[in-house]
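Chain order of the listed sequences is A and B. For the first sequence, the numbering used here begins at 1 and goes up steadily by one. For the second sequence, the numbering used here begins at 1 and goes up steadily by one.
Warning: the hint list may mix true and false statements.
Unchecked claim - Below 27 Å or equal to it, Euclidean Cα-Cα: the simulated DSSO-like pairs (lysine-lysine) are: (1) Lys50(B) - Lys130(A); (2) Lys81(B) - Lys130(A); (3) Lys170(A) - Lys100(A); (4) Lys207(B) - Lys65(B); (5) Lys71(A) - Lys173(B); (6) Lys71(A) - Lys207(B); (7) Lys71(A) - Lys100(A); (8) Lys60(B) - Lys50(B); (9) Lys60(B) - Lys71(A); (10) Lys136(B) - Lys129(A); (11) Lys170(A) - Lys207(B); (12) Lys191(B) - Lys170(A); (13) Lys37(A) - Lys48(A); (14) Lys136(B) - Lys71(A); (15) Lys129(A) - Lys100(A); (16) Lys130(A) - Lys42(B); (17) Lys71(A) - Lys45(B); (18) Lys81(B) - Lys129(A); (19) Lys45(B) - Lys65(B); (20) Lys48(A) - Lys81(B); (21) Lys60(B) - Lys45(B); (22) Lys136(B) - Lys147(B); (23) Lys191(B) - Lys71(A); (24) Lys136(B) - Lys130(A).
Keep in mind that the hints were calculated from the coordinates and are not lab data. All of these numbers come straight from a predicted model, not from anything done at the bench.
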Amino acid sequence: MPNQSGNMYGLTILSPIIDDQTIRISHDSALRIYLKKLPRHEDGPFAKVSATHLCRLVVMDDVVFVGAPAKQEHLNSKYLVFSSNFYGDLDAYLADMAAKIPDVVNDIWSHCVGYPGVRDPKAFATYMKKCQIETTFFFAAVNDRTVEQTLRALQNKVEFAAFVEENQGKPAAELQAAFSTFWQRLEQLPPPRAGARELTRASVSEKASW
Amino acid sequence: MACTINLFRLGLDSCGRWAATGNLVTNINGKAYAMNAVTPMKPWKTPILKLVFFLLGAIKPLQNKLIDLSFIHFARWVVVKRSQFPRLASSQPPEELDYDYLLFFSNFNGTWNQYIDAFSDVLADGLNLIWRWSEKFPGSIPITPFKRYISLVQFDTDYYYDSYPYAAINDVKAAIRVDDAVRSFAEGSGKLTPAQFQQAYLELLVKVQPDLGAIGPAPVGT
Chain A
1 MPNQSGNMYG LTILSPIIDD QTIRISHDSA LRIYLKKLPR HEDGPFAKVS ATHLCRLVVM
61 DDVVFVGAPA KQEHLNSKYL VFSSNFYGDL DAYLADMAAK IPDVVNDIWS HCVGYPGVRD
121 PKAFATYMKK CQIETTFFFA AVNDRTVEQT LRALQNKVEF AAFVEENQGK PAAELQAAFS
181 TFWQRLEQLP PPRAGARELT RASVSEKASW
Chain B
1 MACTINLFRL GLDSCGRWAA TGNLVTNING KAYAMNAVTP MKPWKTPILK LVFFLLGAIK
61 PLQNKLIDLS FIHFARWVVV KRSQFPRLAS SQPPEELDYD YLLFFSNFNG TWNQYIDAFS
121 DVLADGLNLI WRWSEKFPGS IPITPFKRYI SLVQFDTDYY YDSYPYAAIN DVKAAIRVDD
181 AVRSFAEGSG KLTPAQFQQA YLELLVKVQP DLGAIGPAPV GT
C-alpha cells in the first residue's frame, strides 16, 4: 500500500477552505494567523498525538504557473494541506487526534468546507478520509520505530556516551557494577518529551560531565 | 481564484479583506526543513509516472541512493489528478483544470542549498525520471535552472512539528544502532565474570564507537 512504509503511514489530506466573501478576515488568512501562533514544541498539540513523528499544515493558495508554453490555470478553492508521518494505523491516528486535541482540530478544520466537528469521531474520520489523497510513493528512512522508541534511543545513546567517558580505565569488577547500576537507572527513566527543543541529560551515570 | 492575497505583508486583499503576512513562514523546525512543491503534468503522462513509482517501490535497490543520501527523514510524492481535488459541498465551486499535479513533501536535514545541490549531484537520473513528466522541468543538471525551477514551484509551510527537532536522521539512525547494541549487551552480560564482562564491553565499544558522537547543533544557512 503506497501510503505505508513498514509501520509508518504517510497521510496526505487536502481540505478545501471556505471562501466567504462577506467576512472581514478570510478563512485562509485566519487559519494562517492561527497556525503561526500554535506552539510547535513539547507544548504543541501534536506532541499529544503520540504517534506523530513529523507533520505539517500548509495553506495552498493556488497551483503554480511554470511559464509558457505551459497553460496558466488556477484553483477555484484554496486548500489546507495536512501531511503527517506517523507510526501505525490511520483509524487509530484519527481517533487519537479527535480524542487528544479536539479543540485544536476544531480551530483548524472549522475553516474548511464540510467539516463535521470531532464530537462524533466516526464522522470526523469519514470527513478526513474524503479529503485524503493516496500517496503515490512514500519514503521513510526509519520505518519500524514508534516515537517513544526513537526518543528513548536518542536518550540512551547520549547517556551511554557519557557513561563510557566517565568510566574509562576502571577495573573490570568496578566497571561491571557501574554498568549494572547505570542500566537499571536508564530503564527507569521516562522517555524525553516529544517535540522538545533539546535533549537534556538526565545524569543517569555517577557524574554528569557531558 | 475570486481573490488574490498578498503574502508579503499584512494588508487588504483584492476583496478588501485582511490577508496574511510574509512573516508567517515556518519551513524549519530544529534540524528539519519542510519542503513542499507542486508541479503541473499533462494527464496522459500521469500513468507513466505512476509506473516509475511502482518500479521504484518494487525494486528496492533503486532506492539505495535515496537511502545513502541519509538526510531525509520522510519524503513523499502524491499525484493529484485534475478531477481528484476534494469537493465536499455543492456550494464549493468544482475545479476546472487541464493538468494533473505532482505534490512533493520532504523532511530533510541541512540547508535548502545543500539539499538541492546533493539531490542534483547524487540523484540526477532519479530526479529526471520523476520530474521529467512535469511541465517545463529543466533537468536536474545544470544546477542553476534546476534551483530556479524548484524555487518557482515550492510553497511555504505554515506549521511544522517535529517530535525530535534536535536530531538529524543520521542522529536517529546512530541512536538506534547504539540502543540496540547496548540493550542486547545489557541482557546478555548479567552472568558474565568481570573479566568476560570487560572483554564483551570492549567489543561493544568497538562496535558502537562510530555512533557515539555528540548530537550537534542545527546548521545555519539558506
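Now the hints, each set against the structure:
1. With a C-alpha separation of about 22 Å, the suggested pairing of Lys50(B) with Lys130(A) holds against the 27 Å cut-off.
2. Taking the CA atoms of Lys81(B) and Lys130(A), the gap is near 15 Å; set against the 27 Å cutoff, the hint holds.
3. A distance of roughly 48 Å separates the Cα atoms of Lys170(A) and Lys100(A); the hinted pair therefore is violated under the 27 Å criterion.
4. Of the pairs offered as hints, the one joining Lys207(B) and Lys65(B) holds, with about 25 Å between alpha carbons and a cut-off of 27 Å not exceeded.
5. Note on Lys71(A) and Lys173(B): the hinted pairing is violated, with a Cα-Cα distance of about 44 Å set against a maximum of 27 Å.
6. Note on Lys71(A) and Lys207(B): the hinted pairing is violated, with a Cα-Cα distance of about 57 Å set against a maximum of 27 Å.
7. Our distance criterion of 27 Å between C-alpha atoms is broken by Lys71(A) and Lys100(A), whose separation comes to about 44 Å.
8. Under the criterion of a C-alpha separation no larger than 27 Å, the hint pairing Lys60(B) with Lys50(B) is consistent with the structure, at around 16 Å.
9. With a C-alpha separation of about 36 Å, the suggested pairing of Lys60(B) with Lys71(A) is violated against the 27 Å cut-off.
10. Our distance criterion of 27 Å between C-alpha atoms is broken by Lys136(B) and Lys129(A), whose separation comes to about 33 Å.
11. Between Lys170(A) and Lys207(B) the alpha-carbon distance is near 20 Å, which keeps this suggested pair within the 27 Å criterion.
12. Between Lys191(B) and Lys170(A), the direct Cα distance comes to roughly 19 Å. Compliance with the 27 Å bound is thereby established for this hinted pair.
13. Taken as a hint, the Lys37(A) and Lys48(A) pair is honoured in the structure, with Cα atoms around 17 Å apart against an allowance of 27 Å.
14. Restraint check for Lys136(B) and Lys71(A): satisfied, since their Cα atoms lie roughly 11 Å apart, inside the 27 Å limit.
15. The straight-line distance between the Cα atoms of Lys129(A) and Lys100(A) is roughly 19 Å, inside the 27 Å bound, and the hint therefore holds.
16. Distance hint between Lys130(A) and Lys42(B) is fulfilled; the C-alpha atoms sit about 25 Å from each other, no more than 27 Å.
17. A hinted pair counts as satisfied when its Cα atoms are at most 27 Å apart, and Lys71(A) with Lys45(B) qualifies at roughly 16 Å.
18. Only pairs whose Cα atoms come within 27 Å are accepted, and Lys81(B) paired with Lys129(A) is accepted, the gap being roughly 17 Å.
19. Only pairs whose Cα atoms come within 27 Å are accepted, and Lys45(B) paired with Lys65(B) is accepted, the gap being roughly 25 Å.
20. Of the pairs offered as hints, the one joining Lys48(A) and Lys81(B) is violated, with about 34 Å between alpha carbons and a cut-off of 27 Å exceeded.
21. At most 27 Å may separate the alpha-carbon atoms for a hinted pair to count; Lys60(B) and Lys45(B) meet this at roughly 24 Å.
22. Only pairs whose Cα atoms come within 27 Å are accepted, and Lys136(B) paired with Lys147(B) is accepted, the gap being roughly 13 Å.
23. Of the pairs offered as hints, the one joining Lys191(B) and Lys71(A) is violated, with about 73 Å between alpha carbons and a cut-off of 27 Å exceeded.
24. For a cut-off of 27 Å, the pair hint linking Lys136(B) to Lys130(A) is broken: about 32 Å separates their Cα positions.
When the structure is compared with the earlier hints, violations turn up for hints 3, 5, 6, 7, 9, 10, 20, 23, 24 and for no others.
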